[in-house]
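Peer 1: Below, each chain spelled out in residue letters.
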Amino acid sequence: MAGIADFLDSLIGGFDLICFALAIGGLLWGLFVLRPWQARDGYQYNSALLDTAVALIYKGAFFLALAQAFKIVLKIWLMTAVLEQWPFPEFAQTTQFIGGIVRTLLTLFFAVYCYRYLAKHPFSKQCWVNSGFAAIPMIVSGAWLVHAAGRFDNQVMLMSLTVGHQLAAAAWIGGVFQLINLWFLRSGQKVPANLWPLLLKRFSLFGLSAVGMILVSGLPIALQYIDSWDGLIGTGYGNLLMVKVVLLALALGFAWLNKTAVARYLQYGNGDALTRSVPYYIEAEALILMILLFTAASLASQPPAIDIPTLTATWQEVLNTFSPQMPQTSSPTHTALIAGEAGRVAIVGQVPSLAATEWSNYNHNIAGIFITTMSFFAMLSYLKFARENKVLALSKYWPLGFVGLGIFLFFRSDAETWPLGPVGFWESTFNNGEVLQHRIATLLVFVLGVFELMARKNQDPQSKLPYVFPVLSAFGGLMLLTHSHVGFQAKSAFLIQVGHTTMGIFSLILACGRWLELKLDNPGKTIAGFISVAALFQIGIILMFYREPLY
Amino acid sequence: MKIRLMIALLSITWVGQAFAHAVVTEDSLKTTPIHAHQATQVELSFNSKIERGLSQIFLVSKGDKHTLLTIAEGHKQGQILINVPSLEPGDYALRLKVFAADGHLTEDVLHFTVAK
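Residue numbers (my numbering), protein chains in the order written: chain G, 133 to 683; chain R, 9 to 124.
The shape of chain R in the complex, shown without the other chains:
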């Protein structure tokens, strides 16, 4: 909040992450819920080509504990597959750091719930 005000008042600097170009257009979390105690593969589709080797997906659990997940190439253009391990019921998030082919590094968060 303070940053926005500073900029509004002739600031010369900015320290925020740009809201970048690559965005998730489809994700399997909406259609296929993750069940407790069951490893799952999540599909994410982007609006842009993704450099998989320069992208990271973290599983974020309670207390903002981060676990790096493995990413595989999807079946379609711009799609990636994420292997999510077996989880206890609760609230989680996928934190994405994605480098798109157009050169923009994007950060995003997808929230999901594992039901009992």
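Isolated chain G (complex conformation):
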């Protein structure tokens, strides 16, 4: 059960940051963007706007308190499982336990204040200011729970900078959540239409300041933890930092499109883009920013590059992981794989298993061939001549490949269990958490193909079926970006990680592209759709050339 606890532990960090952004970002939105106590410019806020804006704040805070408390429970669970002993009373004396309890209580205090007072007096400046003061102890208390708290050098500076970094990120991301809320109200005609451009304009400046703060606080932290170019390129910490930078750039790209649309509206009165594309760019931006938060949480579990100079890969080694090579299309026998397992997993006298490495290479490479072929047909389906040709028009059913891939994974993923191994299907599924999760994942790939096929055959424009694909793709990207690899030395683990994080970014592009394809009108629709399947093609290429270190 330690695996499940560890899995939840890795996700709860990102969930915690999202709740923090909802609560604190929403509060900053109210204080600096909405400013409900000011009735100026002839714009009137109604209770629908303020009620939902405040609800996002206190609900975010309540969930944050819950997440913080759950984090403590997970630590207890994880320690009990890994150390095989009850962690008390020792755990009760740690900073993590005491700090976690204090932060939970302070968050609850903030949430209750917003629920009891701010929600009832949303036009009161005093209530907004008081809420701000109520939030400060909770924000500060988070400093003892970041990994800077365990450092020996520049501890206070790093803790302060990390809290500042979190605050700036919350301001931006919480504001984006509030904009989505505003759009829902606007499209449901629950708020005056002119509020949309007004608040978009106000948020442009606010968001820009928040991004500036993110960079100002983040740069010194990066310089403290990464002391060389090799550290940036050749470690897990540096790699995830680069992923964060790429995601930030993608999100800023959407922010720039929004800002341009607002400027065009203000200058020429052309508000078409404000309602036909900006809301969907904001949704894509929100998706990227949420994944970025999970990546940030994952970064905190990586050893800083400065601490592992002897385990750092060179840029040539990193580049080599992407070098094209012939896919492995023959697999070692199942007997050879099983024979090598005992030596491979031994701690003392470990014998690397060539069969295990080749088994894995084969699985990855064949999956790559599946995905490359699927995405090739997917790209073909966007071309006019293919749509007009009766045979080539069938290329729009490319998601059928996922169904085939699901079947392939079912047979290949757990070699020691049915149908290839001696352990029975039900016995392995319910007695082994790892196998259970593999079964679920295999089913998901299969179901993903089925859902997307159904979506493409469905003629109902109101159907929600098409949205399953981008949501699951984004989730796949999240998994690729937030998890490390086990059973390897740190350098080998990193060299595997670098390919997987790259695929994670492409998964996110796949998700955003497909989302925008479903939402936008042409020509944006087609462009987004093509970018989406081109990203899938890149994932296929990476998988097709995948080579695992011998271990």
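These aren't lab readings, by the way, just hints derived from the structure by calculation. Glycine included, every Cβ here is placed at the ideal spot set by N, Cα and C. Please note: incorrect hints may appear among the correct ones.
Beta-carbon label-pair distances, calculated as ranges [what the hints assert, rightly or not]:
1) I230/G - G71/R: 36 to 44 Å
2) E216/G - K84/R: 28 to 36 Å
3) E216/G - G71/R: 15 to 23 Å
4) L532/G - D72/R: 39 to 47 Å
Given the coordinates of chain G, assemble chain R onto it according to the supplied hints.
Peer 2: Just chain R, lined up with the frame of chain G:
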């Protein structure tokens, strides 16, 4: 290996131990080899503060036989001292399960050889 592929293909779960934050930055095994039939104290330095009461160090001998070792506070920040008993010549490992002050539980293995 199978896990990585599953994740690469839109998996929803993960069962591995995260490669966590606390790492060994110095160990006396590199500078002071362990001699046969002689109890030794091994020094390990970490990049982070360690919660000693929530950490375990095992001596792993041939056949992956585990023996829990006692840990003492080191002379420097982030340092711990491990009492390794008298050993026969051969290959061994120290298996670490360490809870760092930043809340991350790390597992690591340090291999060493006891020469004749």
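Peer 1: Broken hints, numbered, in rising order?
Peer 2: As far as the earlier hints go, not one is violated by this structure.
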